[in-house]
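Position one of the sequence shown corresponds to residue 217 (my numbering), numbered consecutively onward.
Source of the hints: derived by calculation from the structure; they are not laboratory data.
Some clues are possibly wrong.
[Unchecked claim] With a straight-line Cα cutoff of 27 Å, these simulated BS3-like cross-link-like pairs (lysine-lysine) come out: (1) K369 to K339; (2) K281 to K270; (3) K274 to K301; (4) K349 to K334; (5) K369 to K334; (6) K356 to K339; (7) K344 to K334; (8) K356 to K369; (9) K270 to K301; (10) K349 to K339; (11) K274 to K302.
[What the hints assert, rightly or not] Label pairs and their in silico Cβ distance ranges: (12) T393 to R368: 15 to 25 Å; (13) D306 to A244: 22 to 32 Å; (14) L308 to R235: 30 to 40 Å.
The structure displayed is predicted, hence computed values, not measured ones.
In this text, a Cβ means the ideal position worked out from N, Cα and C, and glycines have one as well.
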Amino acid sequence: MQEEIIVSDDNNSTDNRTREELIAAAEAILFSMGEAVELTHIAQAINLSVDDMKSVLKELTDIYKDANRGIQLIELEGAYQLCTKKELYDYLVRIAHVPKPRELTDVMLETLSIIAYKQPVTKLEIEKIRGVKSDHTVNKLVEYNLVCEAGRKDAPGRPILFATTEEFLRSFGIESTEELPELDSDIVEEFKNEAEKEAEDSIQLRLDI
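I would like the entire structure built from these sequences, with the hints used as guidance.
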């Protein structure tokens, strides 16, 4: 038979909860917070006296002392926290060194598409097409080794040109950018107009100089 604790609230009413329910509530709080939580705060959240709460936490501590559990409950100056057992730290170090899978957002895919079809291209040219700043997105693509610096454009300021990498080809299962699917005619026209305008601006700038 499960042991029950009678809990009195501010309205002098009672509710009967099993010991297992109280332990589970404390565990849920400590897990979700992810940091040390003061005993008084846990007691208030579960609606127990400090003494009863301490007794529940003592039982939870004993449960985690089982040699087959990977975590433990520790007390830190009147606060409690769930943490990994120190003898298992080596596993945490190993998982921390496992490369995280690359996640390409819609914005990153859009930017990557512009670079793939219009390369070599500068950040400014990308931003003219997208209509927003693209520094962070381009930098992430470089970090993922999908895009690289491909020299500098022969224009004022000598802006960096960006192009796709061999990793880009491997990631998308193609041998060359010539295998990329044809773009929608509207997008092709947009790219064409951008390129023509940039060429005209470059010629005019040189004439002015």
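Q | Agreement of K349 and K339 with the hint, judged by alpha carbon distance not exceeding 27 Å | A | holds, 8 Å
Q | Satisfaction of hint between K334 and K369, Cα-Cα up to 27 Å | A | holds, 14 Å
Q.
Can you confirm whether the C-alpha distance between K281 and K270 stays at or below 27 Å?
A. holds, 16 Å
Q.
I want to verify a distance hint. Is the separation of the beta carbons of T393 and R368 within 15 to 25 Å?
A. holds, 21 Å
Q) Between K356 and K369, does the CA-CA distance stay at or below 27 Å? A) holds, 21 Å
Q) Is the hinted pair K270 and K301 satisfied, with a Cα-Cα distance of at most 27 Å? A) holds, 21 Å
Q) Does the alpha-carbon distance linking K344 and K334 stay inside the 27 Å limit? A) holds, 13 Å
Q: Using the Cβ atoms, figure out if D306 sits within 22 to 32 Å of A244.
A: holds, 28 Å
(Q) Is 30 to 40 Å respected by the C-beta to C-beta distance linking L308 and R235? (A) holds, 32 Å
Q: Could you grab the alpha-carbon distance between K274 and K301 and see if it respects the 27 Å cut-off?
A: holds, 17 Å
Q | Proposed proximity, K334 with K349 (alpha carbon, max 27 Å) | A | Since the Cα atoms of K349 and K334 sit roughly 17 Å apart, the hinted pair holds (cutoff 27 Å).
Q: For the pair we were handed, K356 and K339, check the Cα-Cα distance against 27 Å.
A: OK: K356 and K339 at ~13 Å, within 27 Å.
Of the hints listed earlier, there is not a single one the structure fails to meet.
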